[in-house]
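Participant: Reassemble the complex: the two chains are provided individually, in unrelated frames, and hints are given to aid placement.
Protein sequence lines, in the order shown, are assigned to chains G and W.
First residue of the first sequence? That's 1 in full-length UniProt numbering, and the numbers climb one at a time after it.
First residue of the second sequence? That's 1 in full-length UniProt numbering, and the numbers climb one at a time after it.
Source of the hints: derived by calculation from the structure; they are not laboratory data.
One or more of the hints may lead you astray.
[As the list claims (entries may be wrong)] Computed list of lysine-lysine pairs in BS3-like fashion (alpha-carbon distance at most 27 Å, straight line):
| id | chain 1 | residue 1 | chain 2 | residue 2 |
| --- | --- | --- | --- | --- |
| 1 | G | K304 | W | K23 |
| 2 | W | K23 | G | K72 |
| 3 | W | K70 | G | K180 |
| 4 | G | K367 | W | K23 |
[To be verified] Which residues of chain G face chain W? A few of them, derived with a C-beta cut under 7 Å, are:
| id | residue |
| --- | --- |
| 5 | W82 |
| 6 | V181 |
| 7 | S183 |
| 8 | L195 |
| 9 | N219 |
| 10 | S270 |
| 11 | L294 |
| 12 | M356 |
In this text, a Cβ means the ideal position worked out from N, Cα and C, and glycines have one as well.
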Amino acid sequence: MKPVDQSAAADEFIADVQHERFHDHHLWDLRKGRDQARDHIPEWEMLRQLASDIKAHTLTHLADYLEEFERKATANGVQVHWAQDAQEHNRIVGEIFAARQVKTVIKSKSMLTDECQMRPYLAERGITVIESDLGERIQQLDDDQPPSHIVVPAVHKLRGDVAKLFARTIDSDPNNDDPKVLSEAGRQSLRPHFLAADAGMTGANYLIAETGSFVVCTNEGNADISANLPPLHVASVGIEKLIPRIEDLGVFIRLLSRSALGSPITQYTSHFRAPRDGGEMHIVLVDNGRSARLGMADFWTSLKCIRCGACMNTCPVYRRSGGLSYGSVYPGPIGVILNPAIDLHRYRALPFASTMNGSCTSVCPVKINIHEQIYQWRRIISEKQELPLLRRTALDVAAKVLASPALFRRVIAGVDQISREFPRALIYNPLNAWGLQREIPDAPKATFHQWWAKNRGADHE
Amino acid sequence: MSSRDIILAQVRVNQPPASDLPKVPLFAADLPSPWPQFQASLRRMGGQILDCPDGVNLNALLSQHFPQAKIIASVVPEVTGNFSVLQGEDPHRLAEVDVAVVRARFAVAETGSVCFTEQELVVNALAYLAQHLVVLLDVNEIVGNLHQAYQRAEFQMARYTVLHSGPSATADIEGTLVHGAQGVRSLSVIAYQRLPNVV
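So here's chain W without its partners, still in its complex pose (with noise of 0.2 Å):
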């Protein structure tokens, strides 16, 4: 027999006596205004809301915010960025990006996270390996709580799905939260409607 049979005989003859799968409720009565909740949540997990009124070019914005920055890879028709990602490429060759601009597929108020799927990441370590992370949004892609979020077919269809709330962060020295542990070292939400022809 194959260790596959073997543990798998052996966990049916352990298993105890069956009990039932229960129902899980969406707990979504009573849920607070998205837009507020997930701002107020993002700051929290140590993310920040980039304002970008009306009329203002986002490219501007951006190197207002990020001065330092040399190399700007953006993923999104909105910004125009200096850096090419192309799909499939070896993900080496993204260390050197100082910000990532990516546009979130939706977002969770409960924990201020947003959601990327290897769709929106073009090449997934892109998210990881630049320095820092600007995530465009729209407002109206935010779901209450996890719950809501789970309900969502990203789950069931992408290959990779990843909720990022706020920017990587250790506390491992003394209990002292540091950002920038491993990944990003900042992480800004610029709320910006999606483009109707861009799905």
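Bound conformation, chain G alone (with noise of 0.2 Å):
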């Protein structure tokens, strides 16, 4: 496939100013309610590592918790699957429908199956998906366009957008562009999609080895009536998902809305261990890479990821750049490091997309080093020859001037002068990545180098 542009696809979203504000103050405030939930809690540092301990913990026994959970939850009822990757999810997925005759599915937010491609799956085979999340549920009105923020779906868009989307989809009042009344329409259209579904789709959050039990967190409470209205409920999970213990959700619990939104909690918690009386429940563990990830010595502790999007809401890139321009399910810093590894080329461009001010690093609830990661993708990429060529060029050129005092000291004094004396057309052009979007600094009368051998030199030398 084509590598991702995600610098071109940002100067779309940058283009539109409104937007680009909009998105990028929101997102800042996201980042402030974190920082105030974190002050109100004296042991925050203590529960960040003692969380990013928990998951270590787990990943390391990863193979033996799993067969703890699959044993537990298997003695509760629940029926267990194993999917290698994308295809054999989605394919358990539809076996398990098409054995039922489900024609509708009501579901809630799944990074999972949106990572799996399930709903076009689904859809071939004559099986119709509606998302339930008020924002993931746009996103799919909107020509199934996928979720631009993993906990905000649908972030980028505006309310103006929003009202005229439901004009187009749903009926609503062209003209009305009050989230209170749109988030009502969203209700009432949702509403008979949920009594009507035969099965219910959930993602989970943790999957705990002790019980056999998952948890899911949703402050819309579509997960619940997805699991506990229609007579059947399947579980998308990841196996990276696994804590040990039901205590370990304490940590889990009181750190994941807070890093996400800045809330002490979800308003809906919800623990399902066991199907309900006549009910029947089942669980998909998908690898899809993931255990390859386990064994890449730098970056599997990516795996220990809850999903809170702290990292996201932090990012003076992802900010500002919109999470469509990322081409994955998983944007800002988390999907920077995650993709490469599904697809370097692909995905070749992202680790660039950062400033490499170490922002997501310090807010990660689970202390991933985040932008340490971003610099050995960028190794990485560099020695497998996936760098764009205009970008090799310079770090060759760079690489050849570093190499050389006296040359890095007669370009310095050049490059300076250049931009004291040359004409703007000639500095400001698409061959200078620095120019595109700032000012070039004034150049200095003087190199430090120089201005030491004239004052210091005598002195020192």
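Facilitator: Set out below in structure tokens:
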């Protein structure tokens, strides 16, 4: 597949100043909400360390815990399935539905089923999947757009966009863009789908080995209706979502929503252990590249991710470029380090969509060293000759210049002179990426080296 | 080999060097008084407290707060209601309920959450399909934080255990908070001691 050009896609988003400004400010508000929530918890840093250590322990004993989970869940009357990749996941889910003549499915937000491209697969087999999370439903109604943020999928849209979309798709008033009115229209249009669905689907935020149960966190309660109304509940979950014990949940639930939106907890935290009377419950455990990543020394800790989105909310690049520009289900800093492991060629530009400020790492509730992994991916991409030509040429030149002090001094003096004397049109051209969205600073009259030779050279040499 | 065995084998081969599982403290020192803390947290999450002075009839209190409600489904002995909820029945019938009345198993002061299992809800969907949810809570049954909550046996025993922290909410459209996204539009808690003969 063609490599994702994150920068070009971001240009389209940035071109609309209103959207870019709202996106930037709103996500920064979420980041500030996270900081305030943190300030109310004296043991916050301890919780982050605990979360990181619990995940490290689980991932280094993952096979045993997966077996324990399967054993307990099966004993609880839950049917456990295993899928090596997206195709197998879709086939399993399709077979469960086909065997029970399921035609319509109501589904809560799940990044994994998006990762597996499940909806189009089921659609080809005559099964309609309706997204029940309002943000995800908005994206589905908008020509099946992917989510642009893992917590707030339609965050890149303004109220006017939703008003137009709803007028076109669910017959609401095109002239009323009040979010309360629009949310109500969403509720009214989804309700019949909940009641008509033959099956419900959810993901899971955590699988618990000790009890064979799983936890789903939502604010809308959509997962709870999806799971508790139709007679069949299928949960698709990545194998990295395991934690050992119920008591570990205290750590993760305290961190999750505070890191995501700043609220102490999601409105609904549901623990599913066994099917209800007369109901049927299935769990599909999905690998899809996760076990391979577990073996990558520099990158396995990315499997600790609890999908809170804090790294996106704080990232200056994500906030200004919009999630769709990443061309992946997982955008933002976490996507930048997850995607190259899936397809290095396709996602080779993503690790460069970072200022390397390290803010993502400092807000991560499970202490993933995100910016260091971004740096590692840049090394790999450069070693594998996956750099775009312009960047490769620039880096080759830089390598030669930086390798020779004498050459470096000549070049610096030359560049300073150019920026002082050349006309703007020659400096601000497409070949100079540094001049595209910013003014090049005024060059000093002399380089530091020249200053030193003149003022201090005699005393010290 | 089955997919299961292939996945487990590959995980085993790729597992990084083992690290230890830490003990999780309860962080229970210096917790604020549970009932005031619970009320503050619940309000923050968009829930409300309904005051019920001694001697006030619960049925009267509900009709005062929900004058429009036609169908009240109560699964607690303290409130009569006019709609029966039967164990094992088709949950779709509950779509017409205006107000559901349920007793909380316990509550969490830190987050303003009330806890239900399938036992309290009788039919799980009741707590989501009703337009409004009213919760009776014994104020002696509030734990300080989530660590203490997860010590409770419900999470080991019940088939379904849920923490409700205020009503259904969304902020998916321009970050504007709206209550009543897909589940209940409001959640009201009434402090009401558990009857001694009801488990």
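Participant: Okay, which hints does this one fail, numbers in order?
Facilitator: Of the numbered hints, 6 and 12 do not hold.
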